[in-house]
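Residue numbers (my numbering), protein chains in the order written: chain G, 1 to 251; chain X, 1 to 251.
In short, the hints are calculated from the structure, not lab data. Just so we're clear, the structure is a prediction, and the values are computed from it rather than from any experiment. Take these hints with a grain of salt, some might be off.
Copies of one chain are not kept apart here, so a pair can be met inside one copy or by any two copies together.
[As the list claims (entries may be wrong)] Simulated crosslink set (EDC-like; lysine to aspartate or glutamate; CA at most 16 angstroms straight-line): (1) K188 to E47; (2) K197 to D185; (3) K92 to D76; (4) K26 to D76; (5) K197 to E150; (6) K245 to E179; (7) K26 to E178.
2 protein chains.
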Amino acid sequence: MALEISPVFLQKKLHIKHKIIQIISKDINHAKQLASQYHCQYANQIEQIHQDTDVIIFALKDDVLLQIANSYSFQDKLIIHTAGSIHLDEIKNISNHIASIWCVYSIQKEMLPLSESVPIVINANTEDSLLNVNVIAQSISQNIFHFNDEQKSFLHLAAVFANNFTNHLYSLSQQICEEQNINFDVLKPLIQNTAEKVKHANPALIQTGPAIRHDQQTMDKHLQLLQTETLKKIYHLLSFSIQQKKEKYRT
Amino acid sequence: MALEISPVFLQKKLHIKHKIIQIISKDINHAKQLASQYHCQYANQIEQIHQDTDVIIFALKDDVLLQIANSYSFQDKLIIHTAGSIHLDEIKNISNHIASIWCVYSIQKEMLPLSESVPIVINANTEDSLLNVNVIAQSISQNIFHFNDEQKSFLHLAAVFANNFTNHLYSLSQQICEEQNINFDVLKPLIQNTAEKVKHANPALIQTGPAIRHDQQTMDKHLQLLQTETLKKIYHLLSFSIQQKKEKYRT
Numbered sequence: 001m002a003l004e005i006s007p008v009f010l011q012k013k014l015h016i017k018h019k020i021i022q023i024i025s026k027d028i029n030h031a032k033q034l035a036s037q038y039h040c041q042y043a044n045q046i047e048q049i050h051q052d053t054d055v056i057i058f059a060l061k062d063d064v065l066l067q068i069a070n071s072y073s074f075q076d077k078l079i080i081h082t083a084g085s086i087h088l089d090e091i092k093n094i095s096n097h098i099a100s101i102w103c104v105y106s107i108q109k110e111m112l113p114l115s116e117s118v119p120i121v122i123n124a125n126t127e128d129s130l131l132n133v134n135v136i137a138q139s140i141s142q143n144i145f146h147f148n149d150e151q152k153s154f155l156h157l158a159a160v161f162a163n164n165f166t167n168h169l170y171s172l173s174q175q176i177c178e179e180q181n182i183n184f185d186v187l188k189p190l191i192q193n194t195a196e197k198v199k200h201a202n203p204a205l206i207q208t209g210p211a212i213r214h215d216q217q218t219m220d221k222h223l224q225l226l227q228t229e230t231l232k233k234i235y236h237l238l239s240f241s242i243q244q245k246k247e248k249y250r251t
Numbered sequence: 001m002a003l004e005i006s007p008v009f010l011q012k013k014l015h016i017k018h019k020i021i022q023i024i025s026k027d028i029n030h031a032k033q034l035a036s037q038y039h040c041q042y043a044n045q046i047e048q049i050h051q052d053t054d055v056i057i058f059a060l061k062d063d064v065l066l067q068i069a070n071s072y073s074f075q076d077k078l079i080i081h082t083a084g085s086i087h088l089d090e091i092k093n094i095s096n097h098i099a100s101i102w103c104v105y106s107i108q109k110e111m112l113p114l115s116e117s118v119p120i121v122i123n124a125n126t127e128d129s130l131l132n133v134n135v136i137a138q139s140i141s142q143n144i145f146h147f148n149d150e151q152k153s154f155l156h157l158a159a160v161f162a163n164n165f166t167n168h169l170y171s172l173s174q175q176i177c178e179e180q181n182i183n184f185d186v187l188k189p190l191i192q193n194t195a196e197k198v199k200h201a202n203p204a205l206i207q208t209g210p211a212i213r214h215d216q217q218t219m220d221k222h223l224q225l226l227q228t229e230t231l232k233k234i235y236h237l238l239s240f241s242i243q244q245k246k247e248k249y250r251t
């Protein structure tokens, strides 16, 4: 899941209300290019971090972030990480002031979202750090949620279901169509409609389909059409889960 | 899946270009109410079908449709059924002229779609019937596809993946959030974005998340957080399927 604040996105808004002092990237040309855009210094070594900065934002992959947190210390600076599933105490050695900004969105450079609507989850280890990270977050989005690290982990997990798994179901649906020379376009209005409805309705209450109707005849037909064991298993398991959830709602 | 043409929807557009002669419903009051709206006759018995009609549209549940097809015969009339998974030859005894109109959309009375964009799948047992059903379909939508019954069955199956199963993933995602007192609203922009992207991109090629990255550490964390066997199984199976599909694309 590309649920991280891309440096591009961060800078897009950040530099309006905050002074960007330095950009560090392993790729010195990338750092140089961005630095010229935002009129700041650049470097490619973490040891070269500018001493005057108040805040350091680490927009890094999980393993790189953890490695840096165990090797460096910036006691007087506010350290902000942007990883969805790293807890603050996993990087507690890096500073006394740590916080996180996590953008609950799948950001692509070519398709930057309208900044005001992007949900941003913040967390911090002290009240002061929380106030500071909130100020920074507000310069990126007006849609800010404060969750603790445990909630954030569950939200990251829930996003895997709502985004990654959903996208995979689209791809399986497309595969079924393609194998029969059916233009996948025919399903696109339905996909949009299903996503649209969840904006206002509880998805459990608007569930439709053969599984929730216990229409075993249609389900048997479908299982016969499916051509791989994995697809049959997915059909079985998700249908079972729909029925199990219905029972739970009833009792 | 509520993938049927609701009589309300059909009539909404149908009556502009075609003359509705009679509405039949088991619920005589419902029939009467609709008939007054469309200035036609009404009845509550199939035996009372008006002799002057050229076309009879059966918007019925699968089992009721099959039962009627085996009990009645209307040899000179065009019979149109609206079921997603019934083949024409399953109702071949009812007439020499049979066709189907299937609306690939989840229609709710309160939220009727813009008629021009709704994909309609048509099929018929003869060229003449196909021409006739096409004329009728065009009075409902400009987005018409002609698929044979076998393709239609696969499309119905693909719709279960893209609509019913996807909606269920939303509901599981919401459940994970609710159990942690997380407002599900925080995921809604991501859900919209994921559905939006599939309009233009191949979902297999834009798959993100820990599974496709083979990020086993994050997947193990997620599996520990999941609190029921069914959720763990779904996480395992869909992650496996994402990885399996990636391998297939590579080879």
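Margin query: Taking the earlier hints as the rules, which of them does this structure contradict?
Written below: 1, 4, 5, 7
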